[in-house]
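**Student:** Here's the letter readout for the chains.
2 protein chains.
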Amino acid sequence: MTTQQAAAMRPATMNGLNVQGVFATIDAVKSDTGLAKFQFRAKNRWIDGGENRSTIRNFYGAGREDDSRKTSFEFINGEPPVLLGNNEGANPVEFLLHALAGCVTTTFILHATARGIEIDELATEMEGDLDVRGLLGLDETVSPGYEQIRIRLKVRANCSEKELEDLLDYTQQHSPVCNTVCRPVPVKIERAIT
Amino acid sequence: MTTQQAAAMRPATMNGLNVQGVFATIDAVKSDTGLAKFQFRAKNRWIDGGENRSTIRNFYGAGREDDSRKTSFEFINGEPPVLLGNNEGANPVEFLLHALAGCVTTTFILHATARGIEIDELATEMEGDLDVRGLLGLDETVSPGYEQIRIRLKVRANCSEKELEDLLDYTQQHSPVCNTVCRPVPVKIERAIT
Chain A
1 MTTQQAAAMR PATMNGLNVQ GVFATIDAVK SDTGLAKFQF RAKNRWIDGG ENRSTIRNFY
61 GAGREDDSRK TSFEFINGEP PVLLGNNEGA NPVEFLLHAL AGCVTTTFIL HATARGIEID
121 ELATEMEGDL DVRGLLGLDE TVSPGYEQIR IRLKVRANCS EKELEDLLDY TQQHSPVCNT
181 VCRPVPVKIE RAIT
Chain H
1 MTTQQAAAMR PATMNGLNVQ GVFATIDAVK SDTGLAKFQF RAKNRWIDGG ENRSTIRNFY
61 GAGREDDSRK TSFEFINGEP PVLLGNNEGA NPVEFLLHAL AGCVTTTFIL HATARGIEID
121 ELATEMEGDL DVRGLLGLDE TVSPGYEQIR IRLKVRANCS EKELEDLLDY TQQHSPVCNT
181 VCRPVPVKIE RAIT
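Order-wise, the sequence lines are chains A and H.
Under this note's numbering, the first sequence has 106 at position 106, and the numbering climbs by one with no breaks.
Under this note's numbering, the second sequence has 81 at position 81, and the numbering climbs by one with no breaks.
So that you can see chain A by itself, here it is in the shape it has in the complex (with noise of 0.2 Å):
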């Protein structure tokens, strides 16, 4: 059976999603691999202190720039006062906590309607540890990252336990952000030329 077959034979909507949608989206990757090629950008300025703020608007993807945002997305980091700040906004930590519950929710949510699989409900809970003895350098020893990072995950789904559990498997293998954070990924900071 052809993916197009398998579309073919759901409702169109599941999940929120477009049924054809992801089955033709699989299909177009599958065809030409360089559609599958996405770059990501993000503008941050810093204001004061521990205040900064991000602009998000345009990426390339599907082989070509992607325009479909009218305007920009805009974010504030900041610092609660024992970290030296106001409260300006989430810190950049809390953020990452965010970034991390969303990716592993939408990759859930896009292989359980890949599967037939109708989501009724799906809440996380996020929780990670960090000594700011690594930030601060105060000993090289302690990493300035998280140590680790849990995730409690409330699921509702028209499935058996046994298809949930290799679903959530499957999710926590394939969520771009979980493996960002779970294998080392390059980041190179270079000079702007002023």
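Read the hints as simulated data drawn from the structure, not as lab findings.
Fair warning: there could be bad hints in the mix.
Once the Cα atoms are required to be at most 20 Å apart in a straight line, the calculated PhoX-like pairs of lysine-lysine come out as [said to hold, decoys possible]: (1) H/43 x H/188; (2) H/43 x H/70; (3) A/188 x A/43; (4) A/188 x H/154; (5) A/70 x A/43; (6) H/162 x A/188; (7) H/70 x A/154; (8) H/43 x A/154; (9) A/162 x H/154; (10) H/70 x A/43.
Quick look at which bits of chain H chain A covers, simulated, 3 or more residues with Cβ under 8 Å [to be verified]: (11) 43-50; (12) 106-118; (13) 176-188.
In this text, a Cβ means the ideal position worked out from N, Cα and C, and glycines have one as well.
Given chain A's structure and the hints, the job is docking chain H onto it.
**Tutor:** Below, chain H alone, put in the same frame as chain A:
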């Protein structure tokens, strides 16, 4: 020279940070390493399709539950049409770039201040390459996460080029989000008891 003596020779505020506060934080953590333990949190709820929302408020750190935030921060993950969404928000991999930009910036400002370096301007442009064959599970040799992230950093400061390069290297090694991305961090997913 103790950090307090160093602080006494500095202006009260530098780069928008309370200089006494920076050194007091370093001294406090040096004298009681338990104060360095933080736990950050987020709660996320799936809305529909590629849309989900996080609330972020409380955390544990410096020996107690923080209560400085009177309301929660709320953030919306979405997806662009080419990734089957309606641009309900930035997407999770874009939020990761925002988190990374903010963390590198805040770490840079913190250590610049500790070193007595005044920063006039700091801005970053982020790019991350991602191949969605990983997310879609079409090629298990393709990593679902970012292949590489590049940060183009523009900075103006009252110090020598050598001091700036040292500070930038130190920042890359001590930024919590940069370290979380660059090294493998365990992510544990468990099911909530419902």
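**Student:** Work down the list of hints and note, for each, if the structure agrees.
**Tutor:** We went through each hint and held it up to the structure:
no.	hint	in the structure
1	H/43 x H/188	holds, 16 Å
2	H/43 x H/70	holds, 17 Å
3	A/188 x A/43	holds, 15 Å
4	A/188 x H/154	holds, 14 Å
5	A/70 x A/43	holds, 17 Å
6	H/162 x A/188	holds, 19 Å
7	H/70 x A/154	violated, 27 Å
8	H/43 x A/154	holds, 11 Å
9	A/162 x H/154	violated, 51 Å
10	H/70 x A/43	violated, 29 Å
11	43-50	holds (count 8)
12	106-118	holds (count 5)
13	176-188	holds (count 13)
Hints 7, 9 and 10, counting from the list given before, are not met by this structure.
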